[in-house]
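Protein chains: 2
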Amino acid sequence: MKFTLPKSILTEVIGKIGRLMSSKPDIPVLRGIHVLVQENCIVFTISDGTESLIHTVPVSVDNGVIVLDCGASVFSKDAFNISKKLKGDITFEVDGSKLTVSQNKTSLEFSTIEADEYPKLAIENTTRAITFEGKDFEDIVKKTAYCASDSQARPILTGVNMNFGEINSFVCTDSHRLAKVQLGSSTEEMNITVPANLLEHAIKSFDLTQSVLVFPSSSQIALANGKTILTSRLLEGNYPDTNRLIPTEFKGELIVQRQELVDTLELLSSMSETGVIKLKVNSLFIELSAVSTISKGLNEIAYESWTGQDGFTISLSSKYLLHAINAFSSNSVKLEFVESMRPFIVTPVTDQEVNEVHLILPVRS
Amino acid sequence: MKFTLPKSILTEVIGKIGRLMSSKPDIPVLRGIHVLVQENCIVFTISDGTESLIHTVPVSVDNGVIVLDCGASVFSKDAFNISKKLKGDITFEVDGSKLTVSQNKTSLEFSTIEADEYPKLAIENTTRAITFEGKDFEDIVKKTAYCASDSQARPILTGVNMNFGEINSFVCTDSHRLAKVQLGSSTEEMNITVPANLLEHAIKSFDLTQSVLVFPSSSQIALANGKTILTSRLLEGNYPDTNRLIPTEFKGELIVQRQELVDTLELLSSMSETGVIKLKVNSLFIELSAVSTISKGLNEIAYESWTGQDGFTISLSSKYLLHAINAFSSNSVKLEFVESMRPFIVTPVTDQEVNEVHLILPVRS
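The listed protein sequences correspond, in order, to chains A and B. Yeah, the first sequence ends on 365 if you go by my numbering, and it's all consecutive. Yeah, the second sequence ends on 365 if you go by my numbering, and it's all consecutive.
Hint data in this document are derived by calculation from the structure and do not stem from the laboratory. One thing to keep in mind: the hints can contain errors.
[What the hints assert, rightly or not] Covered by chain A, according to a simulated footprint, are these stretches of chain B (three or more residues, beta-carbon under 8 Å):
#	stretch
1	82 to 91
2	104 to 113
3	266 to 274
4	289 to 301
[Unchecked claim] Some chain B residues flagged as far from chain A (calculated, every beta-carbon gap over 10 Å):
#	residue
5	2
6	27
7	36
8	317
The C-beta atom is built at its ideal place from N, Cα and C for all residues, glycine as well.
From just these sequences and the hints, can you work out the full model?
This is the structure in C-alpha cells:
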C-alpha cells in the first residue's frame with residue numbers, strides 16, 4: 001500500500017477526523033485510524049466505539065492525490081499528528097507492519113495494526129433518507145440540542161427526539177427546560193431519538209454550505225455531508241410526551257431587547273453562586289436582581305411592551321434563559337408567563353414565521 | 001471613598017494586576033486588591049505573598065479619572081472581574097465595609113476588607129538604580145531566564161544571577177545548560193540573584209517601549225516601568241561559579257540555517273519519548289535522527305560550513321537546543337563542539353557583536 005497526499009489534503013483529513021482523534025477508546029485497535037486505499041479513492045475511518053466518522057478522499061489529478069499501491073491498514077494517531085508537520089507532498093508506504101512517511105529528505109517510521117483487526121462498521125442498509133439544507137440542519141441542532149441532559153440518569157434525555165411526518169418536529173428536554181422546532185414535512189412517518197452529542201459534533205465537522213442527509217434505521221443513524229459520513233447508535237426507549245407541557249394561554253407577554261437582556265443576565269449571573277435571577281416587571285421597567293452571600297447586583301432595563309400585571313415577579317436560572325436567547329438572532333425576544341411558579345415560554349420576535357418554542361421552568365425562591 | 005474610572009482605565013488596571021489576580025495566597029487579605037485613593041492619584045496594590053505589583057493611575061481631566069472622596073480599602077477580585085463587564089464611566093463608592101459599583105441603572109454591591117489589615121509592603125530604600133532600555137531588558141530576560149531550574153531542590157538555580165560592574169553580566173543555569181549575556185557597565189559593583197519568574201512576569205506586564213529601572217537592595221529587588229512597580233525578594237545563597245564551565249577551544253564549528261534546524265528538531269522531538277536527538281555531521285550534510293520504542297525519524301539537512309571531522313556524532317536534548325535557538329533572531333546559528341561527551345556552545349551568527357553564549361550538556365547515548 002502506497003499513496004501520496006498533498007499537505008492541504010492531509011490537513012483536510014485531520015480536520016475531519018481530528019475531534020475523534022482525542023478520544024481514548026477501550027479497544028486498542030480503535031485508537032488507530034483505518035485507511036483503505038483504492039484505485040479511485042482513499043477512505044479514512046475513525047471511531048470512539050460509539051460514534052464513527054468515515055471520510056473519503058477522491059484520487060484525481062486535480063487534487064494531487066496519487067495511489068501507487070492499493071491496500072488497507074490501521075495507522076496510529078501519531079502517524080497523522082506528526083506527519084502534518086511535514087510540508088509539500090507526503091508519501092505513505094506500508095510494508096508489513098511498518099509505515100514509512102516520507103517527504104524529500106525526511107522519513108518517519110511508525111508501526112501499524114493489521115486492517116483485519118479493525119471492527120467492521122455495521123452500517124444498516126436503509127433507502128430512506130431525509131435531506132436538509134446545511135443551514136436548516138444547523139438551525140435545528142442549535143435550537144434544540146442545548147436542552148439535552150448531561151446526566152446518564154435517564155439516557156433518553158441525552159438525545160434530541162425527531163418526529164418525521166406531516167410536520168417534522170424536533171424536541172429536546174432535560175426536564176428543567178425544553179426546546180421544540182418544527183421544520184418541513186416527510187412522506188414517511190418515523191420517530192427516533194438521536195444523541196445530542198452526535199448532532200453537535202456533526203455541525204462542527206460538516207460543511208454546512210452543503211446539504212445534510214439523514215439516514216435513520218431501526219437502531220442506527222447515519223448523517224452524510226459531502227464526502228463525510230458520521231454514524232452512531234440511536235438512543236433506545238420512549239421519549240416523554242412533551243406536548244401537554246407547553247402552555248397555550250398566558251397572563252403576561254413581555255417583549256424586550258435581546259442584547260440588553262443577554263448583557264444583564266451575564267453580568268448578574270456572576271453575582272450569584274446559583275445563577276438565579278429575580279425578574280420583576282414594574283409599570284415602567286424590568287428590575288433584574290441577583291443576591292449571593294457576599295454580593296448583590298441590580299439592574300433596570302426598559303421593555304418594549306408588557307401586557308401583564310404591575311409587579312409580576314419570577315425567579316429563573318440565568319443560564320437556562322441565556323442558553324435559549326443566545327440561540328436567537330432576532331433583535332427582540334418575547335417571554336410569555338402564566339404564573340410565577342409555572343413554566344414560561346421564550347421565543348424570538350421576528351417578521352418571519354416562528355417555528356420554535358423554548359420553555360423554562362422557574363426556580364422556587 | 002469614592003472615585004470614577006472610565007472603562008478603558010479599568011481595563012488597563014486589570015491588565016496590569018491580572019496575572020497576580022489568578023494566584024491564591026494563603027493569607028486571605030492578600031486575595032484582595034489594596035486601593036488607595038488620593039487627590040492626585042489612585043494606587044492599586046496586589047501581592048501573591050512573594051511578588052507584589054503596584055500600579056498608579058493619575059487623576060486628571062485628560063484621562064477622565066475623578067476622585068470624589070479619598071480613602072483606602074481592600075476590594076475583592078470579583079469586584080474587578082465583574083465590574084469590567086460594565087461599560088462607560090464606572091463609579092466605585094465604599095461605605096463602611098460595603099463597596100457599591102455603579103454605572104447608569106446598574107448597581108453591584110461587594111463586601112470589602114479594612115485597608116489596615118493589608119500587610120505593609122516593606123520596600124527598602126535604595127538610591128541605586130540601574131536603567132535599561134525596555135528592549136535590552138527584554139533581551140536579557142529572554143536570553144537567560146529560560147535556563148532557570150523549575151525545581152526547588154536548589155532554590156538559587158531558579159534565578160538569574162546579575163553581576164553589575166565593569167561589564168554587566170547575566171547568567172542562568174539549571175546545571176544541564178547555561179546562558180550568559182553581557183551588556184553595558186555600572187559604576188557600582190553588585191551581585192544579586194533574581195527569581196527568573198519575576199523577570200518573565202515583568203516582560204509580560206511591562207510596556208517595553210519605556211525604560212526599566214532596577215532597584216536592588218540587600219534582600220529585595222524592585223523593577224519600575226512607567227507607572228508600574230514590581231517587587232520581590234532576592235534569592236539567597238551563593239550562585240555557582242560558572243566561568244570555568246564555558247569551553248574556549250573547540251574541535252568543530254558547525255553553521256546551519258536556524259529555521260531549518262528548528263523545524264527538524266520540532267518534527268523529530270515528537271518521534272522520541274525522551275526528546276533525545278542524534279546529530280551526525282557527514283561530509284555533505286547533517287543527519288538528525290530520533291528513535292522511540294515504536295517509531296523512528298530521520299532527516300537530512302544541509303549545513304553552511306563544518307570545520308570538524310567527518311562523522312562527528314553527538315546526542316542532545318532537542319528541547320534544550322530549541323529553547324536556546326528559539327531565543328535567537330539570526331538566520332543562522334553556530335554550534336561549537338569539543339567532544340561528543342563534552343558541553344557544546346550555541347550562538348547566533350550575526351554581523352553585530354555577539355554578547356551571549358548558550359551552553360548545553362550532551363546526553364549520554
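Results for each hint:
Three residues within the 8 Å Cβ limit are the bar, and the stretch 82 to 91 of chain B against chain A gives 3, so the coverage statement holds. With 7 residues bearing a CB less than 8 Å from a CB of chain A, the stretch 104 to 113 of chain B meets the requirement of three and the coverage assertion stands. Note: the stretch 266 to 274 of chain B has 4 residues with beta-carbon separation from chain A under 8 Å; the three-residue rule is met and the coverage holds. Check result for the stretch 289 to 301 of chain B against chain A: holds, 8 residues qualifying (beta carbon to beta carbon below 8 Å, three or more required).
No beta-carbon of chain A comes within 10 Å of the beta-carbon of residue 2 (chain B); the shortest separation is about 18 Å. The claim that residue 27 (chain B) is not at the interface with chain A holds, since no C-beta of that chain comes within 10 Å of its own (minimum 18 Å). Chain A leaves residue 36 (chain B) outside its interface by the beta-carbon criterion, the shortest separation being 23 Å against a cut-off of 10 Å. With a cut of 10 Å on Cβ distances, residue 317 (chain B) stays outside the contact zone with chain A, its closest approach being about 19 Å.
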